[in-house]
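S.K.: Protein chains in written order, with the numbering used here: chain Y, 85 to 338; chain W, 12 to 307; chain S, 42 to 400.
Derived by calculation from the structure, the hints in this document are not laboratory data.
Source: prediction; values computed, not measured.
Honestly, I wouldn't trust all of these hints.
[To be verified] Result set (DSBU-like, lysine-lysine): computed pairs, CA atoms no more than 30 Å apart in a straight line: (1) Y:Lys272 - Y:Lys324; (2) W:Lys276 - S:Lys128; (3) Y:Lys149 - S:Lys180; (4) Y:Lys272 - Y:Lys210.
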Amino acid sequence: MSFLQVDNISKRFGGLQAVKDVSFGVERGMIKAVIGPNGAGKTTLFNLISGFLTPDGGAITFVGKATHGLPPYQIAALGLSRTFQHIKIFPRMTVIENVMVGRHVRSHAGFVAGMLNLPRTWLEEKEMRVWALGVMEFLGIASFAEMEAASLSYGQQRIVELARALSGEPTMLLLDEPAAGLNMRETKNIATLISKIRDKGVTVLIVEHDMSLVMNISDEVLVLSYGEKIADATPGSVQKNPDVIRVYLGEDDA
Amino acid sequence: MFVELFFQYLVAGLTYGIIYAVVGIGFNIIYNTTGIINFAQGEFVMLGGMMAVTLFGFMPLPAAIVGAVLITMLVGALIEVVFIRWLVNPSVLRMIIITIGISILIREAALFFWGEGVRSLPYFTGNEISSLDISGVHVSPQALWSLGTCGIIVVLLNIFFKFTMLGRQMRACASNREAAALCGVPTRNMVTLSFVLSAGIGALGGCVVSPITYTQYNIGTGLAIKGFTVAVLGGLGNSMAAVAAGFVLGVVESFSIWVMPAAYKDAIAISILLVMLFVRPSGLFGNKETSRLKEF
Amino acid sequence: MRLSRVSSIFIFVVTVIAAQILTMATGTVFLLTQLTMTAYYSLIVIGLCLLMGFAGQISLGHAGFFAIGGYTSAFLTTFDLMPHREKAFVALLAKLHMIHARPDLYGGVVLTVHPVVACLVAVVLTCVVAYAIGIPVLKLKGHYLAMATLGFGTIIYSIVLGTQCLGAADGISSVPPFQIVPGLLVSGIPEARIQNYYIAWGLVAVSMVLLVNLISSRVGRALRSIHGDEDAANAMGVNTARYKLNAFVLSAVLAAVAGIFVTHFNGGIGPSEASIVKSVRYVAIVAIGGMANLWGSLMMSSVLNFLSLRGYFGALDDAVFGAILIIVMLFSPEGILSFNILQVLKELVDKGRRSKEAH
């Protein structure tokens with residue numbers, strides 16, 4: 085049983101079969117990329133795994149637990165975190181507050197504890213703050229701590245979202261097009277950060293269009309087209325796979 | 012005996028129901044053209060009735076009604092021009108709150124001018140004890156005036172939206188404002204027109220039911236909630252369904268007296284609204300996909 | 042200038058004490074009555090601020106919770122059980138010391154529920170209703186949520202207006218004073234004016250401390266994250282439905298407590314306390330206070346409610362708050378829940394400065 089196991093999941097929206105009978109596994113400690121032309125069902129797949137959608141059929145198992153049908157916050161508590169294709173930071177909160185929310189799953193203070201502000205609570209607050217700063221330093225954004233998140237540039241916001249996702253010490257991270265909208269320098273930076281994250285022991289599943297990013301850092305690549313799995317192998321094999329080439333470049337009109 | 016009573020309640024329910032339907036249609040016209048839910052819709056009904064009573068003091072009844080309707084239409088246009096026109100892409104929530112504020116201002120102004128007293132127009136024909144005997148059921152002629160007038164309003168609106176150029180322009184505006192603008196439809200004026208139209212039919216409805224239901228400075232809020240309930244019940248934007256939903260609400264309210272004290276009548280409409288919002292916000296006759304299509 | 046939590050509370054307490062001393066010095070002790078009521082109305086406002094400004098959920102029906110608290114307490118403490126004193130249930134209540142015999146206004150003796158018990162029952166009832174209503178209502182968003190809360194408030198209004206045993210249009214009067222503990226009596230009698238002033242503002246102070254703590258805590262962050270982006274909050278492990286519900290219930294309880302205390306202070310309650318215009322008033326005050334600004338809401342509530350209670354707005358009382366709401370909404374580009382008065386003022390100043398430079 086893989087760390088994350090996806091078995092025959094399908095999802096349909098009205099007349100559109102977004103994901104059809106997809107199965108694959110992600111082993112612990114690897115970086116796996118999901119690629120495919122637009123409309124292939126990649127983000128739908130992410131939403132299914134992270135609990136925003138419920139599959140019509142099939143099963144998803146994470147660290148041995150069935151997660152299909154669970155709400156996102158419960159899946160997050162199991163150690164699965166994610167970022168979003170269109171950045172979803174909390175615009176009016178500061179950067180460090182954004183990152184501290186990421187640590188929600190590793191903290192406990194509830195309504196009563198929050199209102200009474202007991203010593204145990206503000207000790208936990210201090211610990212969360214220190215941890216958040218640590219994550220931000222790891223990703224190079226510690227200097228933005230007290231700035232309002234909405235005031236940062238697009239590339240900086242992407243890293244904030246990444247810091248937030250890491251703050252809860254997830255064992256698996258889903259990254260939905262982390263390089264979208266970034267220039268070459270920022271993309272290289274993100275690639276380095278993702279490798280650093282993997283080296284820390286976090287398993288990464290990443291959707292990306294930027295092929296250099298994908299091919300350089302991934303251990304395995306899953307290719308989707310029109311909701312179906314076309315290939316699931318090492319980057320080198322996938323590059324040479326004729327089905328994959330056809331799906332991206334079209335048929336050769338000889 | 013029982014059957015007579017049954018029909019008595021039924022007619023009462025239909026009479027109240029038609030005014031709810033008129034308010035609901037007013038909601039839909041503005042919602043269809045602009046996406047705004049105009050909470051001040053109920054105030055148009057109140058203004059129509061109150062102004063007609065005042066004008067009746069020095070002109071014959073038909074003139075008073077026409078005058079009241081025209082003035083209320085002017086108020087509708089003023090509201091649009093002063094508060095709505097210069098907003099850029101407002102959210103529905105923001106608009107509801109603004110229109111709630113507007114309805115409060117109108118209501119306080121009405122209280123200021125007319126006081127707390129209850130008023131009513133005289134019966135158009137006959138008086139409060141005259142009744143027509145229709146196969147054993149005693150129906151007030153005013154009820155027939157109400158049903159008839161509002162029925163004509165619905166028919167005329169239907170003709171307007173389907174067969175006149177102006178009506179079709181408004182429907183185009185509702186479907187896709189940008190496309191309509193590109194086709195040369197003066198969309199800003201369409202918005203004003205939708206407010207004017209809604210105000211007018213609200214005022215006319217208010218005049219016609221005033222003898223039966225009485226008019227008071229504060230009836231607008233309750234009517235707005237019930238009108239909104241009716242509009243949601245039929246599916247926001249669907250005016251024909253609003254008529255049916257209005258009858259349903261009126262009749263349910265009417266018969267509710269059998270099972271609960273009359274004082275709770277108002278709570279029924281709201282309970283229906285809440286249930287609809289929780290269970291089926293697209294309305295009884297709407298469905299999720301086509302609820303986005305805004306037509307008459 | 043960012044004040045720490047402690048210094049803000051300190052300034053607040055000092056202001057409250059100073060105001061009381063000022064009334065003594067200027068011979069305007071009668072103002073304490075309205076100042077006391079202002080404090081209670083501010084409880085509703087700060088609770089609503091938590092819900093709307095921080096959790097991002099609009100409520101146009103909060104006057105309903107005020108009414109549930111006030112009416113429940115009023116009813117239980119005025120309903121005479123004397124004619125029923127033979128019944129087993131009543132005897133049981135007597136044994137548990139939940140009811141007591143007391144003199145009424147006309148010299149007779151009535152058997153009513155003890156105010157402390159009535160207060161607890163009212164709070165529990167509010168919690169139950171808030172949970173029951175909150176679960177379906179908070180699944181709605183935007184204008185549907187607004188209309189649903191509006192509907193809830195109107196149902197409560199219809200109930201209190203139409204129910205005979207709740208006094209119908211006249212409301213409930215002759216509500217007895219409420220002795221919280223020996224020495225603290227919530228009552229409108231002139232002798233207890235100063236005591237009641239401090240009871241009321243003390244309640245506000247405690248609530249502010251709790252709320253300010255909550256905002257700065259993990260829960261406060263979670264609530265603000267729900268307001269910022271509900272899906273992202275969910276993905277970060279925040280149980281958004283439960284947090285929204287708890288914020289809703291907490292704000293409802295604050296409103297109910299305000300209702301209970303005002304009712305005993307005034308000796309009565311009427312259906313107008315549950316009306317839409319009251320709910321709109323509270324939303325308008327939170328909005329003009331800056332939305333996600335607890336101290337701003339408190340300040341605005343203190344000023345506006347006091348002026349209203351003193352009659353400064355005259356017949357235009359409700360209209361003023363309606364107008365405030367419209368104006369706030371017209372100038373709020375992203376809608377009511379993102380309104381930030383400091384931001385709006387800053388933009389106006391910037392615009393003014395830019396047009397000056399252009400000339």
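S.K.: List, from low to high, the hint numbers that the structure doesn't satisfy.
M.R.: Hints 2, 4 contradicted; others consistent.
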